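Residue numbers (my numbering), protein chains in the order written: chain W, 1 to 293; chain H, 1001 to 1293; chain S, 2001 to 2273; chain U, 3001 to 3273.
Simulated from the structure, these hints should not be mistaken for lab results. Hints should not be assumed to be uniformly reliable.
[To be verified] Mimicking EDC-like on lysine to aspartate or glutamate, the simulated pairs with C-alpha atoms at most 16 Å apart in a straight line are: (1) U/K3078 with H/E1197; (2) S/K2078 with W/D191; (3) W/K195 with W/E16; (4) S/K2078 with W/E197; (5) U/K3078 with H/D1022; (6) U/K3075 with H/E1197; (7) S/K2075 with W/E197.
This one's a predicted model, so the numbers in the text were calculated from it and none came from an experiment.
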Amino acid sequence: MPGRPRDTLSVWQVVELARHPDRPYALDYIRRMAPDFVELHGDRVSHDDPALVAGLGTWRDMTVVFFGQQKGRNLAERVSRNWAMMHPEGYRKAMRLARQAAKFGFPIVSLVDTPGAFPGAGAEERGIALAIGQAIMGWFEIPVPVVAAVIGEGGSGGALGMAVADRVLMLENSIYSVASPEAAASIVWRDNARKVEAAAQLQITSRDLLAMGVVEEVVPEPEGGAHLDHEAAARALEAVLWRHLEQLLPIPTAELLQHRYERFRYIDSLLQAAPDFGPKVEPRGAAGNPAER
Amino acid sequence: MPGRPRDTLSVWQVVELARHPDRPYALDYIRRMAPDFVELHGDRVSHDDPALVAGLGTWRDMTVVFFGQQKGRNLAERVSRNWAMMHPEGYRKAMRLARQAAKFGFPIVSLVDTPGAFPGAGAEERGIALAIGQAIMGWFEIPVPVVAAVIGEGGSGGALGMAVADRVLMLENSIYSVASPEAAASIVWRDNARKVEAAAQLQITSRDLLAMGVVEEVVPEPEGGAHLDHEAAARALEAVLWRHLEQLLPIPTAELLQHRYERFRYIDSLLQAAPDFGPKVEPRGAAGNPAER
Amino acid sequence: MAASGGRLPPIALTTNCPSCGVGLVPETLRDQCYVCDCGHHFRMHGDAWIALLADAGSWHERWADIRPHDLLEWKVPKAYQETIDQARAEGLNEAVRVGTATLAGHPIWLAVFDFRFVGGSLSIVAGERLTRSLEQAAAARTPYVLLAASGGARMQEGILALMQMAKINAAVGRLHQAATPYFSILTDPTYGGVPASLALLADVNIAEPGAAIGFTGPRVIRQSTYADLPSGFQSAEFQLRCGQVDMVVARTELRARLAHLIELYLRPLRGRR
Amino acid sequence: MAASGGRLPPIALTTNCPSCGVGLVPETLRDQCYVCDCGHHFRMHGDAWIALLADAGSWHERWADIRPHDLLEWKVPKAYQETIDQARAEGLNEAVRVGTATLAGHPIWLAVFDFRFVGGSLSIVAGERLTRSLEQAAAARTPYVLLAASGGARMQEGILALMQMAKINAAVGRLHQAATPYFSILTDPTYGGVPASLALLADVNIAEPGAAIGFTGPRVIRQSTYADLPSGFQSAEFQLRCGQVDMVVARTELRARLAHLIELYLRPLRGRR
Ligand SMILES: [Zn+2]
Ligand SMILES: [Zn+2]
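Isolated chain W, as found in the complex (with noise of 0.2 Å):
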C-alpha cells in the first residue's frame, strides 16, 4: 500500500533504516530544494547549536526559511553537531529566525531528524527544558505557513520543539516516538536492552503515526530505503512538502493559526484516525472519552 512503510520489516528493522548512516540528512534534503541555501547562525545570545541547521533559500520561486536537525556524516561532523541532539541554544536559534520569517512573511520547512535534545549537564544549566517549552509554545504564534517532516528519528521533546507545525509528515522509513527505544526500555523495565520490545509497543513508525492521525501523510522512500538513492528520496519529500505548502499558502494568518491550534488540540481525539487505530477507543459517553466533546 503506497505510502506506508513494507508490511515485511520489522519494527526494529525501520529503526535501523532510520538511523541508517548513510541515510539522508537534513542538508541533503535542503541543499536539493534549495541549491542557494545561505546558513545563518546563532542564538543572539551565548552560542551557536550546530546541531541544527537554519537559513534561508529559494525554492519554487519563494523564499522559504529551513530549519534541519542535522547528523554528520563522519565522526568529526558527528561530533561537531553533537549526532543532531540539540542544545537550548538551537531551539533559541529556531524561535529567532522563525520570528524573522514572520516578520517577512517567509513559509517554513522543519526537517526532523534527532535521538532527542541533549541529555547534558550544560544543557540544563542553560536551560533546556524552557527553551523546549518556549519553543513549542511560540510556534503557535507564528503566522506563517509551517509545515515540518519526520526524515530519520523524531525523539521526544526534543524533536517535538521542531515539529509544531501546519502539516506533519514523515518519510516511511522515519520514527517517531515519545521516547526513544532505549529510553522507553530504561524506564519501564529498567534496562534498556528490551528496546526491541519497547519499540514494538511504542507504535512509532511512519504508519502507527497515520493510523493515530499524528501526520497527514507518509512519504514513500525508494525501494530498499531513502539511503540507497538520496535523489529520489528528496523528490519524493520535495514534490508532497509542496503539495502541502501550496494549500496553505492562500489560508489568511488568523483561520492558519487557529487550525494549526485546533490540530495539536484534538490531535488525541481520534477524529483523524485510521479505521483500525480508532475502534481502540470505547465510546463511553461524552465527558469520559476525550475522543467525543
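Chains H, S and U with the ligands: place on chain W using the hints.
What follows is chains H, S and U with the ligands alone, placed relative to chain W:
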C-alpha cells in the same frame, strides 16, 4: 536654586557623593516606596543577575514593576552584586519583566546606579553588547509608562540600558556620563589619574544634564547629601517620581510611545536645553545644525 | 493568613527525616505542612496540595470523569489497563486533577499533579484536563495556579502522550495573550515533558526548597556523558541561579505568597486608557 | 558579479603584511579588495567601502553638510574644535557617512563608518545621519546596509554622544516594524556603543574574518579582572561561536553575498494573503 546641585561643590565632590558608601541604594528607595515589594529573578535563559533587582510591589495603590541597579552595603554583598555592574543576563531579566509589565499594564520605575556594564570575559562571551542594544531598542516597544531616575552613578551604556524612559530624573548629587571619569581619562589622556579633569570636562552632574535637556528634573537631596538622611531622600524621590508618573498614566499608548521616540529622537537638538547651554550652538541653517529641522 | 486552606490529610511518611534523621511525629508534621524542622519538604500528594492551597470547602473538581484508555494495547512488562485499574482502585484519579477554588478569597483555577499516579506522568487525560482548564481560565481571566510534580511523559500512551506538550502549550499561549496571571509551583521531582511544556512558562515560577527540577534526570546524564554532576545540580536553588525560577518559597509561606501575588497581578489598572 | 562596485581608492598600507609578513604590492592588494593572499583583511576607510559596495556611480551621499559642534567647550588635552578642524582638513567628513546607492542594481541605503575620524566614534552627527537614513529606509522599505568600524562613543560630546545609542535604536526598531531588511557588516574593530546599539541588531549580522568585535576592549578587561583572555577572544570567529553573528564572509565574497541576501529578503510574497 532648588533642583540643582549646590554650586559650592566641585565636580569631583559630586562624584564622591554619587559614590558615597553610605548613599541610599536602589532597594533603600524601592522598599520604602513599596513595602510589599516581591523580587523576581532570572532571565529564563541561564542566570540570575544580582546586580539588577527586579520585581513588583504596591505603590500609591498601583501595582508597579521596579528595577534597580543594586550596589552592596558590605564587601560580601558588593561581591555578590558585582558592584552593580550588570551582566547580559541582567538586561535580559529586565526585558522579560518589562514585557510582563506591558502584558498586565503595570507602570515601570527604573533606578539607575552603576559604574557601567561588567567589563569581563564572561559578559563578552554571553553577548553583553547585544543584550544592551536589545534592551535599548526594546524599551521603545514597552507600551506602559516608564520613569527612570539616576540615583548615584549613571555609567555609560550600562546605565542607558536601564534608562530609556518617558521621563528621566536625577538625584542632585548623582552623575550620568558617556564614560566614567576614569575611563574617559584613560581614553583621552591614556592616564586614568586625570579623572578629576575628565570629570569636569565631561559635564556629568545633574545640573549639567538638566541644562542640556537630557533629564527632565533634578531631585534635591537632603542638606549634605542623600547618605545623611535616607528617609528624606526617599520621600523626595518618591514625590517627584509620582508627579511624573501621574502625568503619564492618562496618555494613550500610541501617543506615549510616540513621545518616547521623540524624546530621544530630538534629545540632541537642545530644544529643551537651558538658556545657559543653548547658545553654544550657532545656527548655521537647517542642514548645518542638527538642532534645526 | 493560615499556612493552609484547611487541615491537610495524612500522608505516608518514612519513620525518620531523610535530611536530618530525627524521628517523625506524623501529627506534628501534618500541622506544619509536612515540612520538617530542619527544612526538609516531604512530598505531598494531590489531596494534600488541594487542602493546602484551596480555601476550605472551595474546591470544585472538574472533568474527574475523563478516564485513561489503553490505546496502544500495551502489554509488557505489565498491561497498561492493569496499571490504570490498580491506581484507580487505590482511589487515585489520574496524574493531574483540575478544578476551581478560592485562595484567600480570590477565585482561581487550580491544577495539581499527583506523583502517585504512574509517577505523575503526562497523559492524554492530564493534557485534556490541563488544556480545558487553561482555556477556561483565559476566557474568564481567572488566575491559574499549577502544582507540578512529574517524572515525564507516560510511555504507555506513546506519541499521543508527547503530543500533550504541544496541546497544553498552545493553551498556555492563549492564557498569556489574555493577560491572565499564571503561577507555577515546581515541587520534587519535576522532570521531562512537564517543565518542557507548561511548568516553566508561568509569569512567576516558584520552586519548593530542595526540589529536583530538570529536563533529563541525573542518572541518564551520567550514563550519557560520564560527567560528574556538582552537588545541588538541578535543585530549586540551582534553577534560581540558572535563571529558570523566580523564587524558592517554603511551603509554610506559599499560600500567603500566592495570595499576595494574585492581589498584585489582578489589581485593576488605574488612570491608564 | 564583480567583487567590488568600482575600482577601490588607494589606502595607506604598511610595507609588510602583519599576518604573514610578505612584502605588499599596493596595486595588487587594491585589486583584491585589500585582502592579502594569506587572508589578512586590511582596514579600509569609508571611501573604499563605498567603492566596494555601491555600484559604480550609484552613490548619492546625504546630509554631508551636518557638522559637529563643540558643545561642551572641550579643551584638554586637545580642544575638540581643533580635532574636528584637523580631520576635516584631511578631507574627512565625520565618523559616519550615509547615502543611497544600488548594489547589483538593488536600491539600498548605505551607512559607512570611517575609523579615521576620531576612531569612528559615535557622535551627534553620526547618530543624526544614521537615524535619518534608518527612518527613510523604513518609510520606503529600502534594504539598509551598515558598515561598522568604531572604537566607541565620542568622549568630547559627553552624554549627548551616549544618547545617540537610544536615538538610533529607536529608529532600528521602526526599521524592523516596517519589515525592512537590515544587513550589518562588522569590521575591525567594532567596540563599545556601536555593537551595543545598531551593529548587532540586523536581520543578518556579517563579520569580516579576523575582525575584533566586542563591548569592552581586551586591555580594559585585563585591567579590570586580571583575566587571561584566550587567543581569538572577541574575533569574528569567536562571535560566530558565541551566537552573535550569522556568518563570517571574506571581503572578496561580500558583495555577491549581500546581493543574494537582498534578493532573498526582498522577494515578493507569493500566494499569501
Ligand atoms: Zn529533618
Ligand atoms: Zn598576509
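Here is how each hint holds up against the structure:
Restraint check for U/K3078 and H/E1197: the C-alpha separation of about 13 Å stays at or below 16 Å, so the hint holds. With a C-alpha separation of about 14 Å, the suggested pairing of S/K2078 with W/D191 holds against the 16 Å cut-off. Pair hint W/K195 plus W/E16 holds up; C-alpha atoms about 12 Å apart against a cutoff of 16 Å. Taking the CA atoms of S/K2078 and W/E197, the gap is about 13 Å. The hint holds against a cut of 16 Å.
For a cut-off of 16 Å, the pair hint linking U/K3078 to H/D1022 is broken: about 37 Å separates their Cα positions. About 10 Å separates the Cα atoms of U/K3075 and H/E1197, which keeps this hinted pair within 16 Å; it holds. As the CA atoms of S/K2075 and W/E197 are separated by approximately 10 Å, the hinted pair is consistent with the 16 Å bound.
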